[in-house]
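Chains as they are written, first to last, in our numbering: chain A, 1 to 361; chain B, 1001 to 1312.
Since the hints were derived computationally from the structure, they do not count as laboratory data.
For every residue, glycine included, the Cβ atom is placed at its ideal position computed from N, Cα and C.
Worth double-checking, as some hints may not be accurate.
[Stated by the list, open to error] Only part of the chain B face toward chain A is listed, based on derived beta-carbon distances under 10 Å:
id: 1; residue: Glu1089
id: 2; residue: Asp1092
id: 3; residue: Phe1097
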Amino acid sequence: MNRLLSDTLSFGRQYLRTKLGPFFSFIFPVLLIVLFGAVFSTSDSGGLSLPIQNLDEGEYSAALMNMLNQTGYFEISMVEGNGDIADYVNDNSLPLALRIPSDFSANITASLPATVTLCGDTSRSTFQTAQGILDAVMNQMNYNLTGASPIVSFEVEFAGSEQFTAYDFLLPGFVGLTVMISTMYFMTSICAEHRSRGYFKLLATTTLKKSEWLTSKFLSNSAMLLGSLFATFAVAMTAFDLKAILTPLSLVLVVAGAFMFTSLGMLLGVVVKDPESGIAISNIIGFPMMFLSGSFWDLDASPAYIQMISKAMPLTYLNEGLRDTMVYGNEVGALTNLMVVVVLGFVFFLLASRSMSWKER
Amino acid sequence: MVGPVVEVTDLRKEYPPDTMAVDGVSFSIEEGTVFSILGPNGAGKTTTVEILEGLRTPTSGSVSILGTDTSKGYHQVRKRVGVLPQNFEPFDLLSPFEAVGYWADLFEMKMDRKDIESALELVGLGERMRVMSKTLSGGEKRKLGIALSMVNSPELLFLDEPTTGLDPRARRDLWRLIEETKKRGATVVLTTHYLDEAEKLADDVAIMHRGKIIAQGSPDELVSRHGKKTSIVLVGAGPEGFRELSRRGITAVERNGDVIVTVDDSSELRHMFAKLSSIEVNYREMYSRRETLEDVFLSLIGARMDDGVLQE
């Protein structure tokens, strides 16, 4: 058998026999899909829990509660008694609660300002969401009371071909993350193991070339990641209402990503001496990439400096390319990101093959 | 082939700032011979052998392997060379059968199932060829390393401590394998710390100490050139016997509980026997023997053996 093919098959065989390899390639992405799919599934959403202390017995407080209920975003419960609402929130570790004062209806009838209190931890995202909805409900109530209607407003028009969910947005990020973890982390530790156990020296006594060894790792990783991608998609399509699609360009991007991160893993492997330092160095590089490359959330909402940092992360381009082709159908954007991934892959590959030595100095 | 299989000239390997691991070593190895390098730990054996294997770069000097200057590219001869490294570790998640097949592919050798099975049976791994290599014992791992080093039927075979961890029977089997390898015309470079092994197998022995070759020749030549003619061994005489002989002005050494008296001239042997018999020393038996390669080796490097462990 050809040297390259034999090394590819031999590496693949050993990879599948490790405990960690198949976990990170096949089980990890499926777990992510199932867990996040369950979290973002909207079919049985219970909405935000909103305890209300209504001290008013008038018709306007009842109308306000009715309007809040009709939004469908809140699960309303009543707070008994007239104790301090802030104490109630703290004592029950709640994110928020609403207090309607006893003079709420009377003040509206007298055309005086009527103010409700939203109490809670303002730093929590649930509080901010509730605040936005409450604000909209209050505006609507003001219009109703004054008999006015909004003059300036906006409407939402969907620009894509299908109505995507947050789940569709997340899926390409998980694929990108799996590509990075299964290749970069694994290759760094493989290099460390090869060095500490003398495998590089052993291979140097054969006719296998260094570039062939590097290429065979890329081929093995690509084959396994394509398998992982199909498995992940099959689970996602079966379990959830998936609208993101598997395009030919997404397959090319996965292979290009495998090339880029396999090469980066080997480059990191050049400096590691043992498996422990391999784990440490891949975490130093990989951990920030997990969170700052748009795998879990949209970076457009992040501060400008985070967006700048994300541009220096190779995973960002893989994630964006996958999202472009799988979700938005933006093939030009996907091709641009693919080019960046391929160029970075070649740079890492050349640096790794030049700096990696199987011999002792 | 015409000329030596290995030719080494003024080889040096320096590790900055001040360690000269190999210091001006020169030797040549003829085709179809077993060449053994002996020396205590840190003598420079493994560094020298790894330079010959193309796994280390020398600081200066020249190395020619199978007629090719290694500084111009070892790849030209790689296919004709087999190597068993000193601390060989097999790939844990491949079986010996898979490993030999894989290794044969890396040398572009065609080996079918039967060839692989024969190669493993030859080193005594026939029964264990399908288990994962991580379950092999130390000796079995060594056997697998030997099988891998021979998949390409090498013209030049480097065996770095091949019998470490092997039981006596496996050791003898390997000796037979080395002799057969030599018979088919291959050249073997054997690094070992078992001196009896070198004495039995090697045609040529180089003794290294502190980076230099301090003696070279066949085992017989080395013994006759550097060995004292005869020794008288007082078995079990111990430290008391050693002290008693010293008190009477007889030069002796104590080794593993025995006291050894060397006699430079064989005509003195009878006289020395009589002298020793008259001294009140407790011993189990007394006999004379010709010095071995081990005695020569120890005397050259100024060391002694204690319970099989080299003490410098």
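Do the hints match the structure? See the list:
| no. | hint | verdict |
| --- | --- | --- |
| 1 | Glu1089 | holds, 5 Å |
| 2 | Asp1092 | holds, 8 Å |
| 3 | Phe1097 | violated, 12 Å |
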